[in-house]
Amino acid sequence: MLLEQLSNARGVSGNEAPVRDLLIEAIKAHVSEYRVDHIGNLIAHKKARSARKSAPKVMLAAHMDEVGLIIVHHESNGHLRFRVVGSIDPRVLLSKVVLIGKDKIPGVIGVKPIHLLKKKERDQVIDVEAMTIDIGAKSKEDAQGAVKIGDYAAFATEFGAVGDGLVKGKALDDRTGCAALVEILKRDYPFDLYGVFTVQEEVGLRGARVAAYAIEPDVAFVLESTVCDDSPKKKDVSPTTRLGDGPAITLADRSFISDRRLVHLLVETAKENRIPFQFKQPMIGGTDAGRIHLTKEGVPSAAVAVPTRYIHSPVSLLSLHDYQNMVALMTKTLPKLTKL
Amino acid sequence: MSVKDLLQKLSEASGVTGYEHAVREIVIDEFRPYADEVQVTTLGSVIALKRGARDAKTATVKAPAPKVLIEGHMDEIGLMVTDIDHGFIRFAPVGGFDARVLLAQEVIVHGKKPLRGIIGSRPPHVMTEEERNKVIPIRDLFIDVGLPEARVRELVQVGDLITIARKMVSLKNNLVAGKAFDDRAAIVTIAEALRQLAAIKHTWDVYAVANVQEEDGAWFGGAFTSTYRINPDVAVALDVSHADQPDTTEINAVPIDQGMGIAMGPNIHPRVHQKLVEVAKANEIPFKVTAYPGPTGTDAWAIQVVREGIPTGLIDIPLRYMHTSVETLSPNDLERIGRLLAHFCASLDDKFLKELNGEANGGEERTGTRKPRNAARKTAKKRNDHAA
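The listed protein sequences derive, respectively, from chains A and B. Here the first sequence stands for residues 1 to 340, numbered as in this note's numbering. Here the second sequence stands for residues 1 to 388, numbered as in this note's numbering.
In case anyone wonders, no lab produced these hints; they're calculated from the structure. Be careful, since some hints might not be right.
Coverage of chain A stretches by chain B, computed from C-beta distances (three or more under 8 Å per stretch; other residues unrestricted) [to be verified]:
no., stretch
1, 83 to 90
2, 108 to 114
Where chain B lies over chain A, by a calculated footprint (3+ residues, C-beta under 8 Å) [unchecked claim]:
no., stretch
3, 94 to 101
4, 117 to 125
5, 131 to 144
6, 302 to 313
Here are the computed lysine-lysine pairs in the DSSO-like style, where the Cα-Cα straight-line distance is at most 30 Å [said to hold, decoys possible]:
no., chain 1, residue 1, chain 2, residue 2
7, A, Lys-148, B, Lys-172
8, B, Lys-167, B, Lys-281
9, B, Lys-167, A, Lys-138
10, A, Lys-104, B, Lys-201
11, B, Lys-172, A, Lys-104
12, A, Lys-233, B, Lys-172
13, B, Lys-167, A, Lys-104
14, B, Lys-354, A, Lys-138
15, B, Lys-134, A, Lys-119
16, A, Lys-102, B, Lys-9
17, A, Lys-118, B, Lys-134
18, A, Lys-234, B, Lys-134
19, B, Lys-167, A, Lys-140
20, B, Lys-134, A, Lys-233
21, B, Lys-4, A, Lys-140
22, B, Lys-172, A, Lys-140
23, A, Lys-148, B, Lys-288
24, A, Lys-138, B, Lys-281
25, B, Lys-134, A, Lys-235
26, B, Lys-167, A, Lys-102
27, B, Lys-134, B, Lys-9
28, B, Lys-281, B, Lys-112
29, A, Lys-47, A, Lys-336
30, A, Lys-102, B, Lys-112
31, A, Lys-233, B, Lys-351
32, B, Lys-201, B, Lys-288
33, A, Lys-47, A, Lys-102
34, A, Lys-53, A, Lys-332
35, A, Lys-104, B, Lys-113
36, A, Lys-102, B, Lys-172
37, B, Lys-4, A, Lys-138
38, A, Lys-235, A, Lys-186
39, B, Lys-4, B, Lys-113
40, A, Lys-138, B, Lys-9
Beta carbons: idealized from backbone N, C-alpha and C, even for Gly.
For reference, chain A alone in the conformation it holds in the complex (with noise of 0.2 Å):
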């Protein structure tokens, strides 16, 4: 499955190149054309089957990279200092395995024995900045001759099989996204076609701003997996959206208000063709549709994502149902899209 080695393949904002490679072979056959821009992005074009005067042109955009870490220092006993990139808890980094660089030296992020902590170490959260790494390396020169400053470190999680349809892995935030998209373009539509696997969303939607205005879409969705916090909760707060209720149409986030005539056409789709969805609570995270609608003189925009449980965690989880109905989703509203 395309979603397991994009889940597996390590692509740390700055450092998509793995994801990149693996989603050139599985799109080159689908496009016309292909290439990679000067910041990473990976934009692929397919030409209208038969175009249209009032055909629009079109951007489908994914996030190829993922939250990780990069390493800063090296301690003179041989271990590593680290910071995050992109949003990462703190809390979930303790008790594990990460793998380094382009050679993947596995490390782990050790932590005090509980036997040596003071009672009130136990209830204090330990920051980034007093968490390493150890390689086994006996030296700070042990440590240099395997890892050197920059090198990006991934979570050395492996895709799997959970529960009742699920999956669980890292990085499912966006290589779902990527994984839809290449379903999306190995079939032909009506018009021009972008379909952008973006780099540097976790830093700041990088990526998808440079893809945007080389392209100049007339209309753009965007791809993701989406927060997914329907664990049971003492206080009554929303779920974000939840597992295997369909794909989760965004209405507003904190980077953008999706075009109400794209949610429209998606919902009536949707409601044709009796796929399940749902509506993303507004004004939680941010996506690359924050880039894209404000490009040039503005680009009518729409999100919609599966939703993930546990994402920007070393392991994370979604429905495989919701997935696919995100995929039929787009493939049912795409050849219905006209010029707004």
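Please build the complex by placing chain B on the supplied structure of chain A, with the hints as guidance.
This is chain B only, laid out in the frame that chain A set:
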């Protein structure tokens, strides 16, 4: 099986305190080829006996061979299901878990069938600054097995065990990281000692023991009961201890890959300690003496007071990040400890037994003449009482 391979096999097996059966099968398979006899105790500890080559004619001490016990515990810390909450599983720790190392771990829920699960964490997108700065107590954590509530209730019940799903990882310089090295690493050293003893002459009977129920915190169920059954003349416990690691100033830290700690303190019989040191030196095995002013927190603490008291030693296996799923150690240390144990067992003779019987834990004078073992112990006890 190599030291590293056996460690991996034992580490990846599940055996939470009180539920050691899967690990026990591996231990029995591993000990049996080197043992004359293998027994399982009432509580589930494994006792492998390798008889000494004792010449009855020249023996100056009692006819049955004296007994040396070498032991480690095979249970591990884990989690237990306490409730099913809207299809998610609530749990409590079995043994000392730091709540902070549990978030976002992959686990196996040992229900009617093993279920893959995740200890869920809320994404940073939805948390307030205040929420991010709090350690989430274990009672508020939950496990997601990706099944509807009805299926979860069918497959999982309160009391089912949960272990962290962690495959052993190889690091640089032949170090490895994984779960449950505490105290499966000791079982590896004991297996290694048995393997080496196949080629080294020893006159004492060697009892190699994998005990249950050490991590329950206080009562050392395995160590008390199996030691009672064996009634050894000398015992050496093996347990992990804190190695060099960031952010600690542990005085007893033995650096990884530099041998082991040979413990000293009230828990330790000084003559057993001394013998371990002598054997290490004679065989050029590196070690550091570690000092414990009181309880060692190991099976040695129980063994020492079984029956009328057992002269007990303790070997520290250097380990980083104890009680996490990335416990880190050097298999080189395990080989060294195995070698030390084998030579220690082989070095035991009638003379040593005589010395032991004349010397109390904490007393330096010797009686000079051997007394029957129990009598000697009584004397020793009296002397201790007197000193106190």
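Each hint, compared with the structure:
no., hint, in the structure
1, 83 to 90, "holds (count 3)"
2, 108 to 114, "holds (count 7)"
3, 94 to 101, "holds (count 4)"
4, 117 to 125, "holds (count 5)"
5, 131 to 144, "holds (count 7)"
6, 302 to 313, "holds (count 5)"
7, Lys-148/A x Lys-172/B, "holds, 15 Å"
8, Lys-167/B x Lys-281/B, "violated, 36 Å"
9, Lys-167/B x Lys-138/A, "holds, 23 Å"
10, Lys-104/A x Lys-201/B, "violated, 46 Å"
11, Lys-172/B x Lys-104/A, "holds, 12 Å"
12, Lys-233/A x Lys-172/B, "violated, 42 Å"
13, Lys-167/B x Lys-104/A, "holds, 16 Å"
14, Lys-354/B x Lys-138/A, "violated, 44 Å"
15, Lys-134/B x Lys-119/A, "holds, 15 Å"
16, Lys-102/A x Lys-9/B, "holds, 29 Å"
17, Lys-118/A x Lys-134/B, "holds, 16 Å"
18, Lys-234/A x Lys-134/B, "holds, 16 Å"
19, Lys-167/B x Lys-140/A, "holds, 27 Å"
20, Lys-134/B x Lys-233/A, "holds, 16 Å"
21, Lys-4/B x Lys-140/A, "holds, 26 Å"
22, Lys-172/B x Lys-140/A, "holds, 13 Å"
23, Lys-148/A x Lys-288/B, "violated, 34 Å"
24, Lys-138/A x Lys-281/B, "holds, 25 Å"
25, Lys-134/B x Lys-235/A, "holds, 16 Å"
26, Lys-167/B x Lys-102/A, "holds, 21 Å"
27, Lys-134/B x Lys-9/B, "violated, 36 Å"
28, Lys-281/B x Lys-112/B, "violated, 51 Å"
29, Lys-47/A x Lys-336/A, "holds, 17 Å"
30, Lys-102/A x Lys-112/B, "violated, 41 Å"
31, Lys-233/A x Lys-351/B, "violated, 67 Å"
32, Lys-201/B x Lys-288/B, "holds, 27 Å"
33, Lys-47/A x Lys-102/A, "violated, 35 Å"
34, Lys-53/A x Lys-332/A, "holds, 21 Å"
35, Lys-104/A x Lys-113/B, "violated, 33 Å"
36, Lys-102/A x Lys-172/B, "holds, 16 Å"
37, Lys-4/B x Lys-138/A, "holds, 20 Å"
38, Lys-235/A x Lys-186/A, "violated, 44 Å"
39, Lys-4/B x Lys-113/B, "holds, 29 Å"
40, Lys-138/A x Lys-9/B, "holds, 26 Å"
Of the numbered hints listed earlier, those contradicted by the structure are 8, 10, 12, 14, 23, 27, 28, 30, 31, 33, 35, 38.
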